[in-house]
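Take these sequences, add in the hints, and give me the full structure.
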Amino acid sequence: MNIDLLLTQWNYVLVIILMMVGFYTVIARGNLIKKMVGLNIFQTSVFMLYISMGKLVDGTAPILTGDAATVYSNPLPHVLILTAIVVGVATTAVGYALIIRIRESFNTIEEDEIIDAVNADLQAEAQS
Amino acid sequence: MIEHAPILQIIIPLLAAPLAVLSGRRDIAWLIAMLATTASFLLSVHLFSIVHMLGVSITYELGNWPAPIGIVYVIDAANAYVMPVISGIAVVMTYAARTLVEQEIDPRDQTLFYTAWLLTIAGMMGQVATGDAFNIFVFLEISSLSAYALVAMGAGRDRRALPAAFNYLIMGTLGATFYVIGLGLLYMLTGTLNLADLAARLPMIGDTHTGFAALCFIALGLFLKMALFPLHFWLVPAYSTAPSAVSALMAATATKVSVYVLIRLLFGVFGVDFPGMLDVVAVVLLGLGLIGAFAGTIAAIMETDLKRLFAQSSIAQLGYMAIGLGLGTKAGVTAALIHLFNHALMKGALFLAIGALVAQLGTVTLASIRGIGRQAPMTSAALLFGGLALLGVPMTAGFISKVYLISAQIDGQAYIVAGLTVISSALALVYVWKIVEALYMHERPARAVKVTESPAQWLGAWILVAATIYFGVQAETVVAAASQAAGALISGVQ
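Top to bottom, those sequences are chains A and B.
Whatever position you read off the first sequence (first residue = 1), add 41 for this note's numbering.
Whatever position you read off the second sequence (first residue = 1), add 625 for this note's numbering.
Read the hints as simulated data drawn from the structure, not as lab findings.
Some clues are possibly wrong.
[Stated by the list, open to error] Here's a subset of chain B near chain A, in silico, CB distances under 8 Å, partners left out: (1) Leu799; (2) Phe858; (3) Val1047; (4) Ile1048.
[Stated by the list, open to error] Coverage of chain A stretches by chain B, computed from C-beta distances (three or more under 8 Å per stretch; other residues unrestricted): (5) 43-51; (6) 66-76; (7) 82-92; (8) 96-103; (9) 130-144.
[As the list claims (entries may be wrong)] Restraint-style ranges between C-beta atoms, simulated for each label pair: (10) B:Asp904 x A:Ile68: 22 to 30 Å; (11) A:Leu163 x B:Gly831: 36 to 44 Å; (12) B:Asp731 x A:Ile156: 25 to 33 Å; (13) B:Val909 x A:Gln164: 31 to 39 Å; (14) B:Gln1099 x A:Leu55: 56 to 64 Å; (15) B:Met678 x A:Ile68: 31 to 39 Å; (16) B:Thr835 x A:Gly71: 15 to 23 Å; (17) A:Asn72 x B:Gly1112: 44 to 52 Å; (18) B:Gly781 x A:Val130: 48 to 56 Å; (19) A:Asn72 x B:Thr835: 30 to 38 Å; (20) A:Ile44 x B:Gly781: 55 to 63 Å.
Keep in mind that this is a model prediction, so the values were computed, not measured.
Every residue gets a Cβ at the ideal spot worked out from N, C-alpha and C, and that includes glycine.
This is how it looks when you write it as structure tokens:
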């Protein structure tokens, strides 16, 4: 394990930790709101992956100054992530809207209880 | 005007979507959807004829910005083949949706339904047309987000649509995010997101961990979206609880678009020579495809609810496409592309036929359709022919798929795989027979609902059944186009 590499590229270490925290939360938590939070953390880690890869040491904002020696950050990953953030906001909105509707019909937002209710529906259907 | 066809086929449904909601009336909203999908279909057929007759590819620069800087749409033999499939199915589904939506969706929500409907179609068309990897993600999300909303609209009939839509959202977003991670890694390596540029630069980077990780992330993300076994658990609840029109549209097109994007990226961008492509990803595709073919078929045999049954059978059919890709040869990709088209026709027909029964029977199960063969002859026959096509009976499109898939396997000397494919296809006979028996071999129970049918209900399904039979007999066009498409994607290999 090359410690130096990890220290100089600490941004990727952070991204991976955040990614796994989010991913684990999505999979392990039964509460639908917590799942959405996990999903958001997971998506945010990817935003940070893109943003940090565009950053150069001592790079400034990419604005044309006429000075050829100026070092710029790469604006393209940042712009891409603007789009991805918008997509993330839309996904979150749809997700929470669904959670509200689930709460209205099932009276719970716990995954186990919803699965029980769905199975009960299935059995009632099979008997009718 | 016509030179803008590559973008118009996407822009028209995209712009029609807000128009549908502004119209405020559900019949006008449907008319707008019908006109927009028809226009999109005609444009994609126009592009198909140019690309396949002249053997050229069309590059369309958005806003006149040339390739490395701007986003380009490149219509080549591969996506020119897939787009008429998507838009053609969309036209038939929109036509059939009129009756189904009227029966199943609250009148107040119907304009919104057509809005989401048009958006999901525009998103699917966009994913196929674009020549930019990040643009694929954007269109993927446009089509997915509206698909979640469409699935959730099934809640009016069945509250289980809500958790199904939520799970679909979680899985879909995870898949799309995996794809974006992979793209980020590719961008680090190559500094481009243009598909053609990526394909040109990737061979130069050689064997790196980053490149392999990018390949795995992209493949995994798309496996989730195409519902490859064992990442398919979102599909069955979503297809079985969604409104019938949505089940039909999605079963026919949604996963197919992801299959196309997978082919485009694996074979068109990474290429078979990319480290890890043939020895890891193709092997995984072949293995999971085979397991999926059996698991899906066996699960379908156990189901009694027809929507769930055919959703399970979709898992098996996607398995066959994965097997074709896993062979890693031109013949294998051709077989996958042929099956992509044929399966879209037959699954569309089956789900539309089920949709015609939903309003009268509630849940369409093997028990509730017992003996309707005489009361609803056209709908029952559509189910019968759709089932026969799934089995791969000669004179149906399914037969062509199976012939090309098995001959590709024999060419690739994958004899065991070929044997297993034949066995799993034969197993499909069990569930098809159960349906045929329920339809025709029993008297309708005396106290059961009397089923009626009208041409408006079965015409959509029959257009697709007719296409299934037509392309089962006249397969040359499809086979030639698919083979040209596969050639365009993997020009490097034989």
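Hints and how they fare:
1. Among the interface hints, the one on B:Leu799 holds; its C-beta lies about 7 Å from the nearest C-beta in chain A, closer than the 8 Å criterion.
2. Interface restraint check: B:Phe858 against chain A, minimum CB-CB distance 12 Å, threshold 8 Å, status violated.
3. Interface restraint check: B:Val1047 against chain A, minimum CB-CB distance 34 Å, threshold 8 Å, status violated.
4. With a least beta-carbon distance of about 30 Å to chain A, the hint placing B:Ile1048 at the interface is violated under the 8 Å criterion.
5. Beta-carbon proximity to chain B at under 8 Å applies to 0 residues in the segment 43-51 of chain A; the threshold of 3 is not reached and the given coverage is violated.
6. Counting residues of the segment 66-76 of chain A whose beta-carbon sits less than 8 Å from any beta-carbon of chain B gives 3, enough to reach three: the coverage restraint holds.
7. Given as covered by chain B, the segment 82-92 of chain A passes the check, having 5 residues with a CB less than 8 Å from a CB of that chain where 3 are the minimum.
8. For the segment 96-103 of chain A, the assignment as covered by chain B is violated, since 0 residues bring a beta-carbon within under 8 Å of that chain's beta-carbons and 3 are needed.
9. Evaluation of the coverage hint for the segment 130-144 of chain A: fulfilled, as 8 residues show C-beta separations to chain B shorter than 8 Å, against a requirement of three.
10. The supplied range of 22 to 30 Å is met by B:Asp904 and A:Ile68, whose beta-carbon atoms lie about 29 Å from each other.
11. Between A:Leu163 and B:Gly831 the CB atoms are about 53 Å apart, so this pair departs from the stated range of 36 to 44 Å.
12. For the pair B:Asp731 and A:Ile156, the supplied restraint of 25 to 33 Å holds, since their beta-carbon distance comes to about 27 Å.
13. A hinted range of 31 to 39 Å for the beta carbons of B:Val909 and A:Gln164 is consistent with their spacing of about 37 Å.
14. The hinted window of 56 to 64 Å between B:Gln1099 and A:Leu55 holds, with their beta carbons roughly 58 Å apart.
15. Taking 31 to 39 Å as the suggested C-beta distance range, the pair B:Met678 and A:Ile68 does not conform, at roughly 50 Å.
16. Judged by the Cβ atoms, the range 15 to 23 Å given for B:Thr835 and A:Gly71 is violated: they are separated by roughly 35 Å.
17. Hint check: A:Asn72 to B:Gly1112, Cβ distance near 51 Å, so the stated range 44 to 52 Å holds.
18. Checked against the given bound of 48 to 56 Å, the beta carbons of B:Gly781 and A:Val130, roughly 27 Å apart, lie outside it.
19. One distance hint, 30 to 38 Å for the beta-carbon pair A:Asn72 and B:Thr835, holds here, with the actual separation near 36 Å.
20. Checking the proposed 55 to 63 Å range against A:Ile44 and B:Gly781 shows it holds: the Cβ atoms sit about 58 Å from each other.
Hint compliance for this structure: hints 2, 3, 4, 5, 8, 11, 15, 16, 18 are broken, all remaining hints hold.
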